[in-house]
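Enquirer: One letter stands for each residue in the lines below.
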Amino acid sequence: MTHATKAIYRLLLSDYVKVSKVSVEDMLFDEQDILRSMDKIEVIDFHQTLEVNGIRFWCYTAGHVLGAAMFMVDIAGVRILYTGDYSREEDRHLRAAELPQFSPDICIIESTYGVQQHQPRHVREKRFTDVIHTTVSQGGRVLIPAFALGRAQELLLILDEYWSNHQELHKIPIYYASPLAKKCMAVYQTYINSMNERIRNQFAQSNPFHFKHIEPLNSIDNFHDVGPSVVMASPGGLQSGLSRQLFDKWCTDKKNSCVIPGYVVEGTLAKTIINEPREVTLANGLTAPLHMQVHYISFSAHADFPQTSTFLDELRPPNIVLVHGEANEMSRLKQKLISQFDGTNTKVVNPKNCQSVEMYFSSEKMAKTIGRLAEKVPEAGESVSGLLVKKGFTYQIMAPEDLRVYTQLSTANIIQRIAVPYSGSFEVIKYRLRQIYESVETSTEEPDVPTLIVHERVTIRLESESYVTLQWSSDPISDMVSDSVVAMVLNIGREGPKIVPVEEAVKTQEETERVAQKVVYALMVSLFGDVKVAEQGKLVITVDGQVAHLDGRSGDVECENITLKERIKTAFRRIQGAVRPIPLPSS
Amino acid sequence: MGTSVQITPLSGAYGEGPLCYLLAVDGFRFLLDCGWTDLCDPSHLQPLARVATTIDAVLLSHPDVMHLGALPYAVKHLGLSAPVYATEPVFRLGILTLYDYSLSRWQVSDFDLFTLDDIDAAFQNVVRLKYSQNHLLNDKGEGIVIAPHVAGHDLGGTVWKITKDGEDVVYAVDFNHRKERHLNGTALGSFVRPAVLITDAYNALNNHVYKRQQDQDFIDALVKVLTSGGSVLLPVDTAGRVLEILLILEQYWTQRHLVYPIYFLTNVSTSTVDYVKSFLEWMNDSISKSFEHTRDNAFLLKYVTLIINKDELERLGDAPKVVLASMASLEVGFSHDIFVEMANEAKNLVLFTEKGQFGTLARMLQVDPPPKAVKVTMSKRIPLVGDELKAYEEEQERIKKDEALKASLSKKEEMKASLGSNLKASDPMVTDASTSRKPSNAGSYLVGNVDILIDGFVPPSTSVAPMFPFFENTSEWDDFGEVINPDDYMMKPDEMDNISMLGAGDGMESKLDEGSARLLLDSKPSKVISNEMTVQVKCSLAYMDFEGRSDGRSVKSVIAHVAPLKLVLIHGSAEATEHLKMHCSKNSDLHVYAPQIEETIDVTSDLCAYKVQLSEKLMSNVLSKKLGEHEIAWVDAEVGKADEKLTLLPPSSTPASHKSVLVGDLKLADFKQFLANKGLQVEFAGGALRCGEYITLRKIGDSNQKGSTGSQQIVIEGPLCEDYYNIRELLYSHFYLL
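So the sequences go chain by chain: A and B. Going by full-length UniProt numbering, 226 is the number at position 226 of the first sequence; the sequence numbering is gapless. Going by full-length UniProt numbering, 118 is the number at position 118 of the second sequence; the sequence numbering is gapless.
Excised from the complex, chain A in its bound form (with noise of 0.2 Å):
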């Protein structure tokens, strides 16, 4: 809310909790309450544009109290705004409604008078100052029961100045009885530049809320009712307090006069007097006739018909929701806006209370690719691989290298030493990789270490007689890598350094070949599930009812099926290759 707003919103409620007389268990809140809200209230000037998760809003003037601001809602794109009441005629302090620079996708309205159309202004003030100047020079007395807030200060602007143009009345006071309106009266002489130029020029020469011809009044008892005066007195329906006792020891007399000066709620006093009757009940229950004159002219800042109308068909918005009227003048507005815009693609809802509209709109992502990776705009069909940030509702696309220079986040690299004992010759890690992984590099930058290079990710290091140390910067095919490096090193480990007996050695060929297809034949069936062993040692093999014929020696293969016959050829070369004797170098 605005900072008028706030300051007037503690005001008001204060007051609620003091004047409510309900018990207090009944009370719906309490001063403490109020205290603590206060401390959750984000203030925002007209104008200052706030975000919150990526959604942006900011306020206008509303001109309907002061303080009073119309919200513009920004969700990625798509503007949503809330009106609340307001008000497109400029009064003596307020700005009117200021009209958005840009068109909403929706339009939040209210539609207090829907369908209705005000008196113009200086016919509604000139009509004000005459009754009151009639009565008081007939010497009568006249009653505005006003609430504390909004209009009130609005009216007593029209009356301070009323006053300083005819001298004959300096003599007549004006009092405003509400410890409220005192109250604000401070919110009001601060928050001038929340009003319009002409509040604020005037505030170059002087405060135009320290009124010259007009005093607050405490209570009736501090009020000498002696000879005319005018008294603005809360609360505006004359339900209680000070408005009503004034009333009841007025009404009676035909010389004074009752001003309403705005909106009346159904089924208050204020509301049957408006239609003249005969007779009052008074406060203290007695009847009594009704010889005050009365008169109703509205000064609500709410907007009419001809300014709705004009507001939004400059907007222009889509879609317009109405809210916050009376069903049957809501009803009338609308179809008088349907007709309005016949022919537009404005759509116009009037949901019940509790009744959600939902709208979909189809926003375009868009994102913008920065950086290394924009340093040249792609054709069609090539590709963009990057890392996609999002905040709020927008998009980027940079190289990962980038990620730090246009946002807070920053990328890491973690590189990792591990250590694991290892006491055997360097060479055994090095064939055994070398028959896992395709790359494995010799390193010659320390001569003095001996280094090997797994697929230039995993560096394995002989860092003493004791242990190797593996090191790699972390991701995840690394991590696998070094796992399996990890886990062979140890596994060399604990076979220990086995030395083959000699005798094993010097066993006939025909022995080591008979092991060798018994090798061959546990493998082929590990493999393939379904193999036999036929004369000659030929293995048969059937997979998906394709049969093929290994010959356990030469290692030919006859099958139909090419693929298959690929992949046992394949597997029979490495099984060979595992169960035969490794060939010396020749060298």
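To be clear, the hints were calculated from the coordinates, so they are not data collected in a lab. We put the beta carbon where it would ideally sit given N, CA and C, even for glycine. Treat the hints with care, as some may be off.
Claimed, not checked - List of simulated lysine-lysine pairs, DSSO-like, C-alpha gap at most 27 Å:
1) Lys40(A) with Lys6(A)
2) Lys183(A) with Lys678(B)
3) Lys183(A) with Lys277(B)
4) Lys40(A) with Lys277(B)
What the hints assert, rightly or not - Covered by chain A, according to a simulated footprint, are these stretches of chain B (three or more residues, beta-carbon under 8 Å):
5) 657 to 668
6) 712 to 722
Let chain A serve as the given structure and place chain B on it in line with the hints.
Expert: Structure of chain B alone, referenced to chain A:
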């Protein structure tokens, strides 16, 4: 390519001169501030004069002379006609500052560089903005958005953010990150990676440590002087930092129940405080909170008396008092006069709350040790009488004739020249202490011939007769006829003084105080008499920093936090500028520039960018991870082109695998806490984190000196054991793997 950005300092680069810079964003030329010194020498404005007519918009950041002093002169004489953007307080307080400035000058010299009318005229072009209001420029500046943000330092003080195509240029001078009594700290810290940051190096070498103690010391110093019967002069600005000092005084006077009178003396003090009272929205949260709760306006001053002339001070005589007088430079104005009066008494104190501008009396007095005596020119405007009046009238007659002969122009120049030389001859100068110690018990010693300047009125070339500033009373009409203020027509004797000379306002006509009104209305011929005299500086002098700027250390950390892609340093002594430049250049990927006056530097970002549309199909396959306020994901996409628009579609073939990226920021201290919470034994040892018995974790490379890839390097080391894998797992949990 990115938006083209060029910056040219016109004043206030490699020096502490007034601030004035030219910023061109895609050809749209902004003038950033338009400052002048208290000496107001038009020759300072030469660089501005050359470009004034080409300016498209003026952005003002603070309501003081250093930031906006030259605006009326530039509008009147240099052809500056662009719209001016400022916040409401900068606008209002700026006008008041200039009124005060101009009136102070006029009282002691034939100040004709600009009049009060010119000030009003210059500020007529001001567009008033709210903080964080995004204002779209149109026409030539299409696509540029400017937004003022809180700067601290002064009420309404502004950090300007200029945005085009998503690239931000931030102009932040004299910001204060610290919350003060009446101001919030700057919002500069909330900006992330602007393309260009323009900031000042003014305080780069000042590492004052702010303490609450400083306020205490300040008050103690005042009280000490006051109790021993002395008076205190605080030379202050008109409507800027003085507000903070007023609040400090109010607070301590309340706390300690002090009764010494405090006077706030400027030509516009009452209007200043009236306006300030209505600017609660612009002040800090606690001020507005206290207003919301108790409706106590912090600027309803209880102990400070607002005065607009010296009459009351003179009535008070020698009694102890605190005087805050305008013109912090002591060059002219009330502070100057009061200084001369007070300097002779050893019991008095002159306490400077800000560093004096270069070449001014205040600066001379701030050297250590302070001079024992200074020569000052006492000038006074007095009405002409007798022969002088006659001479003046004859002079006017002669001028009139000259004009008829169309020779006025040359005549005027001649007069100006002679005036200039006269002024030069009587320039206040510091004299050598030994020679200036002349016996002068009276305190006013006339040096040489009394310089009498009688050619006070040079009529404008367009007028036929000498004319004083004249306000045309344009009246406002509404439905009821002419808007009048009945008070204007009433002459209550006791209110006479308060009647302002201006009729119902038409926007620009602001409240003027009685003194100034009288001066303006005073059409009697008057003259300025000056005499030079040596003032023995016997009173004590002190300097306390109440300038409300971030100090060197904070400026550095703010810059490091904001982390602009390019940094432009301005406004600071050569030494300070170099220091900050060196400091910031350490960071390898920050480009630092420190242009000289009238040197144009190009800070166009080398950023490449293009826009693409993200297709629904692609987005439905993207899995984002949330990281703070960002959501981040890896995308592989294929570019489709339709109507010159690029669209990203899902890739048609399996994309090549990419190197995995770990995103996240690890703070070892936080990680330590995290591990400790998991029940692991952790401690720091030699810059590394020891986890458990064997595992060590450390970061390599200085975090400030980020490598070319910009990622942080973390090393985890240890023998093969279960702990190793556990800790690695926990470490991984701090990052997002993409």
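Enquirer: Please write out, lowest number first, the hints stated earlier that are contradicted by the structure.
Expert: Structure breaks hint 2 only.
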